[in-house]
Amino acid sequence: MRKRLALKYVAGGLFGATVSALVVGSTAFAADADPVTTLGQATNLLWVVIGAMLVIFMQAGFALVETGFTQKKNAAHVMSTNFAIFGLGFVGFLFVGYPLAFGGFDTSIYFGDGGAALNAEPLIGSGNWAFLWQGWGHLGNGATPAVLAFFLYMVAFMDTVATIPTGSMAERWKWKSFVIWGLFCGAFYYPIFAAWTWGGGWLSKTWDTMSLGAGYVDFAGSGVVHAVGGVAALAGAIVLGPRIGKFGPDGKPRAIPGHNIPMAMLGCFILLFGWFGFNAASTFAATDIQFATVAANTAIAAAVGAVVGMYYITFKTGKPDPGMMVNGMLAGLVAITAPCAFVAPWAAAVIGLLAAILAIEAVFFFERRGIDDPVGAIAVHGCGGLFGVLSVGIFANGQYGAGWNGALDGAGNPIKVEGIIQGKFGQFGAQLLGAVVICTVIFGFAYAFFKIQNKFTKGGIRTPEDQEIQGVDIPEMGVLAYND
Amino acid sequence: MKLITAVVKPFKVDDVKEALNKIGVLAMTTREVKGVGRQGGHTETYRGAEYKIDFVPKVQIEIVTGEELVDSVVDTIRTAAATGKIGDGKIWVTTVDRLVRIRTGEEGNEAI
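Quick note, the sequences are listed as chains A and B, same order.
The first sequence lines up with residues 1 to 484 when you count with the numbering used here.
The second sequence lines up with residues 1 to 112 when you count with the numbering used here.
Worth flagging that the hints you see were computed from the coordinates, not collected in a lab.
All values reported here derive from a predicted model rather than from experimental measurement.
Hints should not be assumed to be uniformly reliable.
Claimed, not checked - In silico DSBU-like cross-links for lysine-lysine, where the CA-CA straight-line distance does not exceed 30 angstroms:
1) Lys319/A to Lys9/B
2) Lys34/B to Lys246/A
3) Lys455/A to Lys246/A
4) Lys72/A to Lys9/B
5) Lys73/A to Lys22/B
6) Lys246/A to Lys176/A
7) Lys252/A to Lys34/B
8) Lys252/A to Lys455/A
9) Lys72/A to Lys52/B
10) Lys316/A to Lys52/B
11) Lys9/B to Lys73/A
12) Lys72/A to Lys316/A
13) Lys72/A to Lys34/B
14) Lys246/A to Lys52/B
15) Lys246/A to Lys73/A
16) Lys90/B to Lys22/B
17) Lys34/B to Lys22/B
18) Lys22/B to Lys319/A
19) Lys52/B to Lys319/A
20) Lys85/B to Lys252/A
21) Lys319/A to Lys85/B
22) Lys52/B to Lys73/A
Same shape as in the complex, but just chain A:
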């Protein structure tokens, strides 16, 4: 019973922190609350909203990276997919996805007395998802600032997932098909794994059901966001096929240079900036000063990733290819996203180093198999993300996050988040299970979506050959990116 109560309040690591940190009740704080506590709660709310703003700004970062790495004749199209994805994913998530992933919670925690208490299970997997409207508390008058701040932060993360495939599928994806992806991602694709993990679902409970460490732990989403996006990017790139001219008659990959390297690198810096909201604000509390550690670890992984990326590609090809330097930094950022709160700075550096090399090799790996990814989204977000997931199980030092997912041992003590460096293997098991689920179930879900959509779309989801050759800006968008 105590375990279940703990679960109710702590459903999902992030969520649990939210509940304890954010305001309960109506828009005004309770009159008899200690003013310092009230101020702390308000500050924490501010922190979450600032975090959401930073993550939403990352949409610009993705847009610039992808457009810079692709061809001038498609720039309006690529930029537009990154623009539109924000709204499309948002709408899908607002009405369907958020209720599915987080809507089944006991909302009396948010709404104080008078809110409807629901099952303390996320709708997906609880058998309750047929009652979708029960998850619409965030839309009505009962939506408190705390609920809305949480929703805003979560929608920003969802939109990050949604925008990842626009990179691997750039330059040959039909606009109308892309639009369906946006709605689908926000409504269904992202919520599934989010519900299973952050929403308090079965992967978060493996500390109990399978004795695996503290259950699946993912501080800001190497798995929940980046790997989930990365496998969708892979699925989409496979279904679309490579760009015309990408592979020679001998199967050897040909370079299709991006049209604006400065744009891509500026985008990378914007992503770096936004990532401080992505990771550090995932404490959900400014009063939880671990946010400073998280921010520093994030920057360390980014910097080491960038430097190692530079050295590695120079070693491989003789020159510091700007695209690979960008991928190196982003790989470090993606990989540190799950472990950032749980590892020492030295480990953040190691994670950045390994992630950069992994991502660069992954670019070659997928290219050798005939998969065309114009920006390296699969390598950076897919492979980097999975590595980040596993890194928690390797490098977590047990100093933060005890009791994550409500994990308690037999004696009722909170279970620490500890990895192999602490001699513990259970956490790695939980992380590995999560990674396997992403690579199989979630990948399969995305692949099925694209395959089915391709079958039922007249002419398939790929743009016609003549449009691709001339550039999809005019045929699909009606305007040129650059009119000179």
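Given the structure of chain A, go ahead and fit chain B onto it with the hints provided.
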């Protein structure tokens, strides 16, 4: 009347223009072009994949002048534009059948 066309390295355009001004030739037209010569381009890598750079940015300068000035214009351009390295460019001379100044309607040598 002759048309003198020169394809030169972009950073040499200002030198050519000043040298021509010194011999009294002020009027010319330039455009940005790409060119390749007998070397046939070279290979670079982008994200680990090789690609050939065949065409290199150049600037094409066109001058219409009287027959008596052709040799000195060609020599001036050549001296100003040469670096001694591959890719310096070429100059060629063709004949102009008719020349008209748009503002006034002047024709022939008066339009130069």
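Take the C-alpha atoms of Lys22/B and Lys319/A, compute the straight-line distance between them, and say whether it is at most 30 angstroms. Given pair Lys22/B, Lys319/A is violated - Cα atoms ~43 angstroms apart, limit 30 angstroms.
Lys73/A and Lys22/B: Cα distance at most 30 angstroms? Answer violated: Lys73/A to Lys22/B is near 43 angstroms, above 30 angstroms.
Just to be careful, I want the Cα atoms of Lys316/A and Lys52/B compared with a cutoff of 30 angstroms; is the pair within it? Since the Cα atoms of Lys316/A and Lys52/B sit roughly 18 angstroms apart, the hinted pair holds (cutoff 30 angstroms).
Could you grab the alpha-carbon distance between Lys52/B and Lys319/A and see if it respects the 30 angstroms cut-off? holds (15 angstroms)
Agreement of Lys319/A and Lys9/B with the hint, judged by alpha carbon distance not exceeding 30 angstroms: holds (25 angstroms)
Agreement of Lys246/A and Lys73/A with the hint, judged by alpha carbon distance not exceeding 30 angstroms: Distance ~16 angstroms between Lys246/A and Lys73/A Cα, so the pair holds.
Hey, Lys34/B versus Lys22/B, does the alpha-carbon distance stay inside 30 angstroms? Roughly 28 angstroms separates the two Cα atoms, so the pair holds.
Would you mind confirming whether the straight-line C-alpha gap from Lys72/A to Lys9/B stays at or under 30 angstroms? holds (25 angstroms)
Quickly compare the C-alpha distance for Lys252/A and Lys34/B to 30 angstroms and report which way the hint goes. OK: Lys252/A and Lys34/B at ~27 angstroms, within 30 angstroms.
Given the hint that Lys34/B pairs with Lys246/A, does the C-alpha gap stay at or below 30 angstroms? holds (23 angstroms)
Under the criterion that the straight-line Cα-Cα distance not exceed 30 angstroms, is the pair Lys72/A, Lys52/B satisfied? Cα-Cα ~19 angstroms, so holds.
Is Lys246/A close enough to Lys176/A, meaning Cα to Cα at most 30 angstroms? holds (24 angstroms)
Going through the hint list in order, the structure does not satisfy hints 5, 18, 20.
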